[in-house]
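J.: All residue numbers for the sequence shown refer to full-length UniProt numbering, where the first residue is 1 and numbers rise by one.
These aren't lab readings, by the way, just hints derived from the structure by calculation. Incorrect hints may have been included.
Using 20 Å as the maximum straight-line C-alpha spacing, the simulated SDA-like pairs for lysine to any residue come out as follows [to be verified]:
1. 421 with 698
2. 178 with 107
3. 421 with 577
4. 860 with 578
5. 860 with 392
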Amino acid sequence: MLLRATRCARATRRLSTTVDAYAVGSTTHGFKVLRKEAIPEYSITAIQLQHEATKADYLHIDSVDSNNVFSVNFRTPPTSSNGIAHILEHLVLCGSKQYPVRDPFFNMLKRSLNNFMNAMTGADHTMYPFATTNRTDFDNLLRVYLDATFFPRLRELDFLQEGHRLALDETTGRLQYKGVVFNEMKGTLSDSDTLFATRLQQHVMPTDSVYAHVSGGDPAVIPSLTHDELKAFHGTHYHPSNALFYSYGNFPLSDHLAYINENVLSQFEAAAAVKIAPSIVKPPLVAAPLVQLEGPDDGVSGDAAAQTKWVQAHVLPNVLSTDIYTCLVLRIVSFLLLHGPSAPLYKALILSELAIDFATGTGVDTSSVNPVFGIGVEGFDKAKLPEIQATIARVLDEVDRDGFDVDRIDAMLHQIELSQKHIVGKFGMTLLRGAASTWCHDGDMIAALGINPYLARLQRDMELNPRFLQDALRTYMIAPMQTTAPIQVLMEPSTDFVQKMEANEAATLEALQARLSPDELARIQATTLELQAHQNQVPDVDCLPTLTLHDIPLQHPKLTTEMRGANVQFVPQSTNELTYFRLKFDTSRVPTELKPYLPFFASVLGQLGTSQLSFQDLATTVQSISGGVSASTLLFGLTAVSTPYEQLHGLTAIDAMQAWLKATEEDPAMLLQFASALSALAQHIFQSETMRLSVVTEPHLMTAIEASIAGSLVAHLPRASEVAPVTPVFPPTQLPEATPNAFFGYPLSVNFNVQAIPTVPLFHADHVPLTVLAQVLSSCYLHQHVREKGGAYGAGASQGEGVFQMSSYYDPHTLQTLEAYDGAATFAATGAFSHRDVDEALLGLFSSIDAPQAPSAKGKGLFTRGFTHEMLQARRTQLLATTKDDIVRVAQTYLASPTTMQRVIVGKDDGRDALRSAGFTCN
Numbered sequence: 001m002l003l004r005a006t007r008c009a010r011a012t013r014r015l016s017t018t019v020d021a022y023a024v025g026s027t028t029h030g031f032k033v034l035r036k037e038a039i040p041e042y043s044i045t046a047i048q049l050q051h052e053a054t055k056a057d058y059l060h061i062d063s064v065d066s067n068n069v070f071s072v073n074f075r076t077p078p079t080s081s082n083g084i085a086h087i088l089e090h091l092v093l094c095g096s097k098q099y100p101v102r103d104p105f106f107n108m109l110k111r112s113l114n115n116f117m118n119a120m121t122g123a124d125h126t127m128y129p130f131a132t133t134n135r136t137d138f139d140n141l142l143r144v145y146l147d148a149t150f151f152p153r154l155r156e157l158d159f160l161q162e163g164h165r166l167a168l169d170e171t172t173g174r175l176q177y178k179g180v181v182f183n184e185m186k187g188t189l190s191d192s193d194t195l196f197a198t199r200l201q202q203h204v205m206p207t208d209s210v211y212a213h214v215s216g217g218d219p220a221v222i223p224s225l226t227h228d229e230l231k232a233f234h235g236t237h238y239h240p241s242n243a244l245f246y247s248y249g250n251f252p253l254s255d256h257l258a259y260i261n262e263n264v265l266s267q268f269e270a271a272a273a274v275k276i277a278p279s280i281v282k283p284p285l286v287a288a289p290l291v292q293l294e295g296p297d298d299g300v301s302g303d304a305a306a307q308t309k310w311v312q313a314h315v316l317p318n319v320l321s322t323d324i325y326t327c328l329v330l331r332i333v334s335f336l337l338l339h340g341p342s343a344p345l346y347k348a349l350i351l352s353e354l355a356i357d358f359a360t361g362t363g364v365d366t367s368s369v370n371p372v373f374g375i376g377v378e379g380f381d382k383a384k385l386p387e388i389q390a391t392i393a394r395v396l397d398e399v400d401r402d403g404f405d406v407d408r409i410d411a412m413l414h415q416i417e418l419s420q421k422h423i424v425g426k427f428g429m430t431l432l433r434g435a436a437s438t439w440c441h442d443g444d445m446i447a448a449l450g451i452n453p454y455l456a457r458l459q460r461d462m463e464l465n466p467r468f469l470q471d472a473l474r475t476y477m478i479a480p481m482q483t484t485a486p487i488q489v490l491m492e493p494s495t496d497f498v499q500k501m502e503a504n505e506a507a508t509l510e511a512l513q514a515r516l517s518p519d520e521l522a523r524i525q526a527t528t529l530e531l532q533a534h535q536n537q538v539p540d541v542d543c544l545p546t547l548t549l550h551d552i553p554l555q556h557p558k559l560t561t562e563m564r565g566a567n568v569q570f571v572p573q574s575t576n577e578l579t580y581f582r583l584k585f586d587t588s589r590v591p592t593e594l595k596p597y598l599p600f601f602a603s604v605l606g607q608l609g610t611s612q613l614s615f616q617d618l619a620t621t622v623q624s625i626s627g628g629v630s631a632s633t634l635l636f637g638l639t640a641v642s643t644p645y646e647q648l649h650g651l652t653a654i655d656a657m658q659a660w661l662k663a664t665e666e667d668p669a670m671l672l673q674f675a676s677a678l679s680a681l682a683q684h685i686f687q688s689e690t691m692r693l694s695v696v697t698e699p700h701l702m703t704a705i706e707a708s709i710a711g712s713l714v715a716h717l718p719r720a721s722e723v724a725p726v727t728p729v730f731p732p733t734q735l736p737e738a739t740p741n742a743f744f745g746y747p748l749s750v751n752f753n754v755q756a757i758p759t760v761p762l763f764h765a766d767h768v769p770l771t772v773l774a775q776v777l778s779s780c781y782l783h784q785h786v787r788e789k790g791g792a793y794g795a796g797a798s799q800g801e802g803v804f805q806m807s808s809y810y811d812p813h814t815l816q817t818l819e820a821y822d823g824a825a826t827f828a829a830t831g832a833f834s835h836r837d838v839d840e841a842l843l844g845l846f847s848s849i850d851a852p853q854a855p856s857a858k859g860k861g862l863f864t865r866g867f868t869h870e871m872l873q874a875r876r877t878q879l880l881a882t883t884k885d886d887i888v889r890v891a892q893t894y895l896a897s898p899t900t901m902q903r904v905i906v907g908k909d910d911g912r913d914a915l916r917s918a919g920f921t922c923n
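Let the sequences and hints guide you as you build the complete structure.
T.: Written out as structure tokens, the structure reads:
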């Protein structure tokens, strides 16, 4: 039963030999090699080093992969919810000793061919990773990242921009909070799932734990952070003794070590590293009370019960996240309990309709030093909570007594095997996330990279003890729930949650303003003007390293494909013996009355069972033989008239599905008619004449797969003449009348602003300069005016298929942002940008165009969209030939005076009156 599923997969990629020079105990550029170990399942070799003078840690993963990754990581456990680590992450990227530019991070995004570049704050550590295939680019980014993290300027004006500040409203004169991170976290914690997960963690973890705080920052606490506190935090936490350097790929390790030693570590001495102590969890003397919270209403569901969330959770006893094997076992037990329609808790809680779904926080979470296990649901009648609790206890006892279904164990372990062999596009990033967390918790980084030894150990343990998984369930999940009273958190939606939050903020600011003297208020205004002057300065970015257009390959990569007949495309690739199928069916002949059902049909395909297998057995069967099956609808070739997209994927589609749900609830017989309609839709879609197939596989497997396709797949598909007509179940969806300005108010604390202008479809001669124009506006105008000055978390422009868009998210403003969009159009149409801006826009575009692809994705564009090599080469050539004059021309043609323009705002309900006065239709 377990032989195939736990077979230790071996990758077929060849091992690199460049690591031979790094003998354990040897020293290179001040780094001592502590350990070296091959990980055969991934064809990599891990080398762990430590800098002798500063005690900085280093992990290098040697691979033949040309997509090289680097990251510097720091332990940054918070001691409050003031967001200090998160704001510092933003601030270090606002200029450094060697690169005194206001925004080197965003400037490097457009001077690089990176395929990943970011900074991320977790619950207890902060990461600064990037990935690129270009050696010069790697060296450029390495220099900028290291100077930013170890030698940042940390100016107060940047702190006020990125973190938080007080400002006087220009209209009312009232105090208000501003700041990029402040607005980001207001938006983040306006999401009910995120808020629930955050509050659950705070209540489950002991109050003296670092995880009892909001590492990203709680908007109610963020304003308490001072600039001096942030600088002191950097001094203690961004020290080499508290750092992990990580590199992955085929670039020489010696070069990395030499640069880091000479330019960074030589300027430091060893210091005490920050350690994150495990929380000692003591059983409470009495049962923990139910924690009842209010959360934001989604503004869509209408029914409070549909949004109610509840979880009971406890810290796992006597196990830390560094116990890799036990954590793996517990994740397996959690998966078997919860995931899929055959899982016992899924059947008892979800299929029984006690609840709509599992709640955020359900399962095993090993991201903290002390792992947590939770079980909870959302979308349920609160009166049924005792029944839900009793059901959970009953099911756990039944599984403890009877064990798990052996076929599901086999299927799940097969998924682990496939995940080992599946080649992803950014594998170095995947390894980084696990290594950084393990290092942060003082665990064995190299041991955390592999999985084969743990699977072999698991097989032995299950052979020696048939109750092995049940014993783990009893020890770590059932017993603690019976003896230590798990924390229970219940969150119900409140339609005025956001209003209360805003009212509390306003009351705090009003009280503060009443205490401030006229001189203090004048200083706030003066600081605002000083920041504005700082933001208006034109940065001198010549100190930053950059690539040039000469670094962009002139030729689009050639992909080898083979057509077997008219309908089957083979893409030979090195796939570790895996095969990837992609089927395409032309739906143009599907009756118009059935097309609104397409997205729903695609979403449930593979989950409803077949004529031979129930939906529960189907899920297990699919997992036991493949990595999974999914379906989606694809629309392309759209012009400015996007009626099909709105009907299938827009608000109209959501309204239609809500109407279908209501109809089937009121009349259960309608559900059978709906099922019949979906069955008819399947017959109209799955026809032999309309099928096309793409296969990505090893070359030596192609002939056998071709024979299998002819003998099984095609033979079972009906012909169009065999399909009977069908009568639609529901009336056709009605498109709403288009309005130039529409506002959709929801209980949010921030806004999302979009402006769309009809332009041209893909492969029109103007599509390329419009695409470059979007990149220019994103990096040279919208970032400065909407993010830096306006405080939105993000803003940008894009040229789609037929539509040019400008958008912002987590934005405190609405009309001010729309004015910035107008300003962006003027900026472009008057040519207020440079030739260098065009070059940088092209670098940014090609960093995405030429990003490495996983083998499974090869040939997708050709298959799904018909993008031939000649078409892609022509587009590449046109992109590289695009000039400033081309961009000015299309800006004047399409953006300067558009005949049609749609503006849509989804945002704070309290902005309704002002937007109605500005001519918006309010929904």
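J.: None of the hints should be skipped; say for each whether it holds.
T.: Hint-by-hint comparison with the structure:
Note on residue 421 and residue 698: the hinted pairing holds, with a Cα-Cα distance of about 13 Å set against a maximum of 20 Å. Between the alpha carbons of residue 178 and residue 107 the distance comes to roughly 23 Å, so the proposed pair goes past 20 Å and is violated. At most 20 Å may separate the alpha-carbon atoms for a hinted pair to count; residue 421 and residue 577 meet this at roughly 8 Å. Straight-line distance between C-alpha atoms of residue 860 and residue 578 comes to about 17 Å, which keeps the hinted pair within the 20 Å bound.
Proposed proximity of residue 860 and residue 392 is contradicted: the alpha carbons are some 44 Å apart, above 20 Å.
When held up to the earlier numbered hints, the structure conflicts with 2 and 5 and fits the remainder.
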